[in-house]
Amino acid sequence: MTALVTPFRESLESLDRLRAEAIFQEALLRLSPIAAVEQVVVPALEQMGKAWEDGSVALSQVYMGGRFCEELVERVLPPSDPDRKHQPRSAIVLLNDYHALGKRIVYSVMRASGFELFDYGRMDVDELVERAIADRIRVLLISVLMLPSALRVREVCDKLKARDAGIMVAVGGAPFLFDATLWREVGADAMGCSASDAVAIVEAWMKEMA
Amino acid sequence: MNSLERVLTTLGHKEPDRVPLFLLANMHGAKELGLSLRDYYSSAENVIEGEMRVLNRFGSDCAYPFYYASLEIEAWGGDTIFSADGPPLCGAPVIRSAEDIDSLRPPEVESSPGLRRVLQTIAGLKERLSGQVPIIAVAISPFSLPVMQMGFDRYLELIHEQPDRFLKLMRANEEFTVAWANAQLAAGATAICYFDPLSSSTNIPRELYLGTGQQVAKRTLARIKGPTATHMASGRCLPILGDIADTGTAVVGVSILEDLAQLKATAAGRVSLLGNLNGIEMRRWTAADAELAVKRAIAAAGQGGGFILSDNHGEIPYQVPDETLLAIREAVDHWGRYPLEWVKDWTDPGPG
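Those protein sequence lines, which keep their order, are chains A and B. 1 is the number of the first residue of the first sequence in the numbering used here; add one for each residue after it. 211 is the number of the first residue of the second sequence in the numbering used here; add one for each residue after it.
Hints listed in this document are in silico derivations from the structure and should not be mistaken for laboratory results. Treat the numbers as computed from the prediction; the structure is a model and nothing was measured. Honestly, I wouldn't trust all of these hints.
As the list claims (entries may be wrong) - If you only want the chain B side, here are some residues facing chain A, beta carbon under 7 Å, derived:
no., residue
1, D295
2, G296
3, L299
4, S321
5, F362
6, D363
7, N413
8, I414
9, P415
10, R446
11, I490
12, E491
13, P527
Stated by the list, open to error - Chain A is nowhere near these chain B residues, computed Cβ spacing over 10 Å in every case:
no., residue
14, L214
15, K241
16, E367
17, Q424
18, L467
Glycine included, every Cβ here is placed at the ideal spot set by N, Cα and C.
Put together the whole structure using the sequences plus the hints.
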């Protein structure tokens, strides 16, 4: 299936939905839906994420490609499908910020990779802490764009720790890209440079928690 | 040389007495006056006084009467969300559905109290600065404005899926941006900083830029009656630097994510560069960190002029301590004097 990954990625980057659809259907002839997702969609999105990090792919391509993959995967793996990854219980949130695109992209890429997760939309610190604990979340993905919002992650992490919530926190967004030490400073457990990093982080934690 | 002479010399791709420094610490004016950001930006008198104090204290080579990006959205009927420690942000989108674009009309500059305050600020600064310090005003590009008007995700979908409506939106926005930029020039601004982060290679591929953001910039900049600088607000631009130069802009604001020496070589005298200190890291810089960052930037891009040292976003975060801004100022005074003899023997110590 590795031969399909590059053409699939290229079709996403050029927004050629018909070609992407045809390649995905070709994969489905030989693989189960979850295997096609894991062996074609996830590696292609991962390659796009790396390409965005090094500047060779733009955010618009990552967004449009991720959104298309989400639709594609939704069709073959609906939310009720037993092959969907419902564990660890995960949620994504835009913290104290009003710039939703980053969260939207990560949410699409996570769902296109077979994960089901809560989308909390935009929340402030206290609302987020209460909701995550009430929902028995194990993995919390926090997206921000503005520096003051990134600095508020510290309050989230401190409050979760004080409540012994056992929630792993991964952060992403521009401030963390411009200051590589910031995620540790605010007490997060991991930082993703791209949407596909979020998938890798959750998969690694999933194994640790198993 | 005074600041204006220094800046004009470097924009002519010649070496002035020292590297010009644009310390775009507009929110620090509120700190100087002991006001909240909301109160500070509620009156032109506050901003004139705050900007003058920032200028006098930190010695920037420009005045920067920029309030916040959402001010333009207020003119379109939107609102602004203020916070205690960061730039005010725009509230709910003013374009709630793509169909709204069909009846969209650009607002009159004079009908917006917020825009009028900026014009009063520029006029007040002009009176106080006696033409010795350039006044750099800001206009958001018509191409980037819809990120705030309708939300980033829906705007990307519009560009890709509804090209006719996209063009309608650009027509309305171009009228507004041209009027707004020219009103600021008429009030006394020396130049317009044309913020166009969506055009950055971080956000869209070059092919899309050539068919969208570049065309909009060419049409818009041609109608702005003064010099312009195009700012990518931390986004990458190396793959399109020549294309940006083709829009007629004089300066490009560049990112720390790209190699400044490579950008300077690519600019090749066609445009000057503005940048590229890391404003996010600046928050925790020591004086030694500030000095090293200044030396790196000057070594990479200072030779031959065509370079203004600044942060890479066009706005220094509120959290950056005054001591850091002073350390940057001192480092430029020390290492930015032309000719830059020290550069040829200097070796970057590298990280850590």
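Hints, one by one, checked against the model:
no.: 1; hint: D295; in the structure: holds (5 Å)
no.: 2; hint: G296; in the structure: holds (4 Å)
no.: 3; hint: L299; in the structure: holds (5 Å)
no.: 4; hint: S321; in the structure: violated (25 Å)
no.: 5; hint: F362; in the structure: holds (4 Å)
no.: 6; hint: D363; in the structure: holds (5 Å)
no.: 7; hint: N413; in the structure: holds (5 Å)
no.: 8; hint: I414; in the structure: holds (5 Å)
no.: 9; hint: P415; in the structure: holds (5 Å)
no.: 10; hint: R446; in the structure: holds (5 Å)
no.: 11; hint: I490; in the structure: holds (4 Å)
no.: 12; hint: E491; in the structure: holds (5 Å)
no.: 13; hint: P527; in the structure: holds (5 Å)
no.: 14; hint: L214; in the structure: holds (31 Å)
no.: 15; hint: K241; in the structure: holds (15 Å)
no.: 16; hint: E367; in the structure: violated (8 Å)
no.: 17; hint: Q424; in the structure: holds (14 Å)
no.: 18; hint: L467; in the structure: violated (7 Å)
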